[in-house]
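Work the whole structure out from these sequences, hints included.
So you can see what is in the structure, the chains are spelled out below.
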Amino acid sequence: MLQVEHLTKIYEDGTLALDKVSFEVPDGEFLVILGLSGAGKSTLLRCINRLIEPTAGRIIWDGTDITAASGEELRRIRRHIGFIFQEFNLVERSSVLTNVLSGRLGYVNPWQSIIRFPREEVKRAMGNLERVDIADLASKRADELSGGQRQRVGIARALMQEPRLMLADEPVASLDPVLAHSILRYLEQLNREDGITVLCSLHFLDLVRRYASHVVGLKDGRVVFQGRPDEITDQRFKEIYGQEAEQITVT
Amino acid sequence: MERKKPILSSLLSLIVPGLGQMYVGQLARGAVLLLAIALTSLLIHWRESNFLFIGIILAWLWGVWDAYSLARGRPMSLLPPFLIIGVIVYIIGWHVTDINLVGLVTDVADIKPLVSDLVQPAVLERDIETQEAEIIFESPCSDSPPDKGTPLEDEPYLIILDKTCGEVGETFTIEGGNFWPSSRGQIWWLNMAGEMKRRIRQEGEYLNFETDEEGRILPLTIVAPVPFGEARGKGPQRSRVQALLKREVGALHLSRTFFLVVDKMMETIFLALMATTVAILFAVPVSFLAARNLMGGNPITMGVYYLTRTVLNILRSIEPLIMAIVFVVWVGLGPFAGVLALAVHSVAALGKLYSEAVESIDPGPIEAITATGANRLQTIVYAVIPQIVPPYVAFTVYRWDVNVRMSTIIGFVGGGGIGYLLQQWIRLLMYEEAGAAVWAIAIVVWALDYTSAVIRERIV
Ligand SMILES: Nc1ncnc2c1ncn2[C@@H]1O[C@H](COP(=O)(O)OP(=O)(O)OP(=O)(O)O)[C@@H](O)[C@H]1O
Ligand SMILES: [Mg+2]
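Residue numbers (the numbering used here), protein chains in the order written: chain Z, 1 to 251; chain X, 1 to 460.
Honestly, the hints are just simulated from the structure, not real lab data.
There's no promise every hint is true.
Simulated restraints, written as ranges between beta carbons of each label pair [unchecked claim]:
no.: 1; chain 1: Z; residue 1: Ser139; chain 2: X; residue 2: Ile443; range: 36 to 42 Å
no.: 2; chain 1: X; residue 1: Pro299; chain 2: Z; residue 2: Glu130; range: 50 to 56 Å
no.: 3; chain 1: Z; residue 1: Asp143; chain 2: X; residue 2: Gly25; range: 56 to 62 Å
no.: 4; chain 1: Z; residue 1: Pro110; chain 2: X; residue 2: Met302; range: 29 to 35 Å
no.: 5; chain 1: X; residue 1: Arg292; chain 2: Z; residue 2: Pro110; range: 24 to 30 Å
One side only, chain Z facing chain X, incomplete, derived with CB under 7 Å [stated by the list, open to error]:
no.: 6; residue: Ser22
no.: 7; residue: Val25
no.: 8; residue: Arg75
no.: 9; residue: Arg79
no.: 10; residue: Phe83
no.: 11; residue: Ser94
no.: 12; residue: Ser95
no.: 13; residue: Gly106
no.: 14; residue: Pro110
Ideal placement from N, C-alpha and C gives every residue a C-beta, glycine not left out.
The following block contains the structure:
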């Protein structure tokens with residue numbers, strides 16, 4: 001169970017990005033964070049694994065206070081939390097295999113990892129690439145891949161962490177609708193088959209309705225909706241997206 | 001009032017160019033006009049080309065007219081006065097730089113021998129065989145002058161026909177035999193120890209001879225030159241007169257010049273290599289200090305950043321040639337001075353390029369690797385180094401290439417390498433040798449240019 005309590009983030013320039021955000025995520029949930037651009041979705045997800053330091057509030061995961069952890073302990077927590085980025089964030093000049101292997105850095109001996117990875121880790125990486133159906137691309141350079149292939153590398157990299165929690169910050173915003181579904185289906189599969197809790201921010205309501213088991217709506221850094229996807233009525237939708245908003249559908 | 005304004009402003013412009021424009025509120029227009037006319041007048045005065053003042057007067061009058069129309073609300077184009085000033089500047093420029101198009105055409109023949117030597121570099125040569133014979137001459141005469149010499153049987157010989165002593169400027173006649181037939185030879189003048197010598201001249205020309213079919217030197221008249229050495233003018237002094245024949249024998253082989261050029265070319269390449277390596281050692285750490293994205297956020301590190309940037313900019317603005325002159329004075333002539341000069345310049349150049357590579361690092365992968373639970377060292381190895389190594393290598397190879405080119409120039413001021421040799425050969429008018437050096441430089445520079453381009457293409 002992940003508990004977010006009164007999480008507040010004020011950036012150095014004074015921007016209030018999160019304002020006392022509180023919600024709970026039971027294990028095994030596919031939680032979608034919904035919100036306009038600038039609502040604070042990225043900030044929220046990055047606070048959970050402390051890529052961004054929260055200003056106030058607590059994040060408690062299975063009884064451990066992530067916000068209080070530091071150094072070695074924080075790294076130990078992080079290695080169980082996968083993160084998938086909108087812009088994929090691969091090391092462009094490295095091979096696909098190296099990119100995937102780097103997801104394992106939190107587990108292997110740091111000095112050994114600088115020279116080379118153990119054989120069983122390479123096997124694990126190939127296995128994860130197979131899971132996202134791109135084992136044949138292992139030796140390519142990351143910058144030779146298409147967007148959809150890159151995001152699958154991103155998922156394989158996160159899988160190397162054997163995560164119990166997967167954070168995904170708009171994982172399909174840079175992809176076309178068909179690819180969007182294929183990527184989200186991988187996440188759905190991880191959620192259903194491996195029991196990984198997923199926290200995913202999305203833009204499109206029909207994607208939310210299709211994949212989410214639970215939704216948190218954010219607006220200007222505040223939680224304006226919590227509930228099941230089928231509870232998002234037109235009225236609710238306008239509260240999250242503003243009065244002029246129309247629903248756009250993705251096929 | 002409205003009527004007066006145009007008159008007044010044009011009057012003002014007549015007194016001082018641009019003043020009228022300023023008076024009607026067009027400050028910048030007036031100032032530019034004033035400045036342009038004043039500076040151009042100074043230029044004309046400096047060159048003492050007073051006829052050009054006609055142009056100034058025209059521009060000035062145009063300014064008066066402009067001030068008048070401006071006051072009436074109809075500004076004119078300032079193109080004509082600036083065209084006039086432009087023409088004046090270029091006329092002066094033509095004179096200052098001694099442009100001589102006629103000479104460019106008529107004197108083209110002067111470079112023919114130079115070009116022909118340059119395209120026949122002294123790379124191949126044959127062995128040289130010599131034949132020589134000597135006779136002694138004394139000046140002024142002592143009580144016992146040297147003997148006239150005797151003709152020999154099989155060896156080349158010289159004899160003096162008339163007198164073996166005399167004052168400087170008196171003539172004597174030599175004759176010889178048993179030389180190679182029908183060959184050209186030279187006459188040399190040596191001191192008795194033989195360590196000082198020069199070719200004898202007659203009326204400004206070197207004295208040459210040609211042997212006949214039987215290898216004889218027919219009687220040859222020589223004006224006695226000044227003897228060498230300290231004893232000159234202190235009583236009778238003996239000198240050696242030498243007849244010298246040279247001919248090429250055997251097959252063509254690589255010349256001494258060739259090996260000298262190879263030697264110095266290697267020195268140049270290594271000079272550039274050492275300078276580049278030293279530069280890398282300093283530039284890598286410095287580049288982190290000069291990267292805004294690493295140093296930002298804290299006033300102390302920002303201070304270090306600005307300091308580093310400033311030092312790099314100053315160092316980079318000093319030409320390596322000037323740096324080389326400084327180091328030649330400091331550590332003496334030779335390649336070490338060149339290494340230091342190029343190294344200092346390269347630290348600045350590479351430091352800037354490297355730091356820009358650091359600044360253009362994509363923070364995304366760093367974030368991603370951090371999120372996996374990697375520690376700082378692992379993050380650097382997996383997210384930072386893959387991003388900076390390719391540009392670092394590319395810039396470094398490029399720099400080495402530039403340094404090889406620069407070190408040939410630096411040799412001209414004594415910084416070692418092939419440039420030093422080339423510069424000496426040019427001064428001594430040894431164009432065939434200089435040609436060999438020029439070819440070597442061209443080939444090496446081309447090869448390095450090509451290699452570095454290939455490497456950069458592969459890496460980036
Ligand atoms: N580094 C930062 N410094 C200052 N303000 C920031 C910073 N990052 C984000 N913000 C601000 O915080 C607010 C929330 O940003 P955030 O990136 O979390 O929104 P988001 O919901 O992810 O939007 P998007 O859909 O565009 O990604 C915005 O107003 C943004 O301008
Ligand atoms: Mg975002």
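Self-check item: Numbers of the earlier hints that this structure fails to satisfy, in rising order
Solution: Hints 6, 7, 12 not satisfied by this model.
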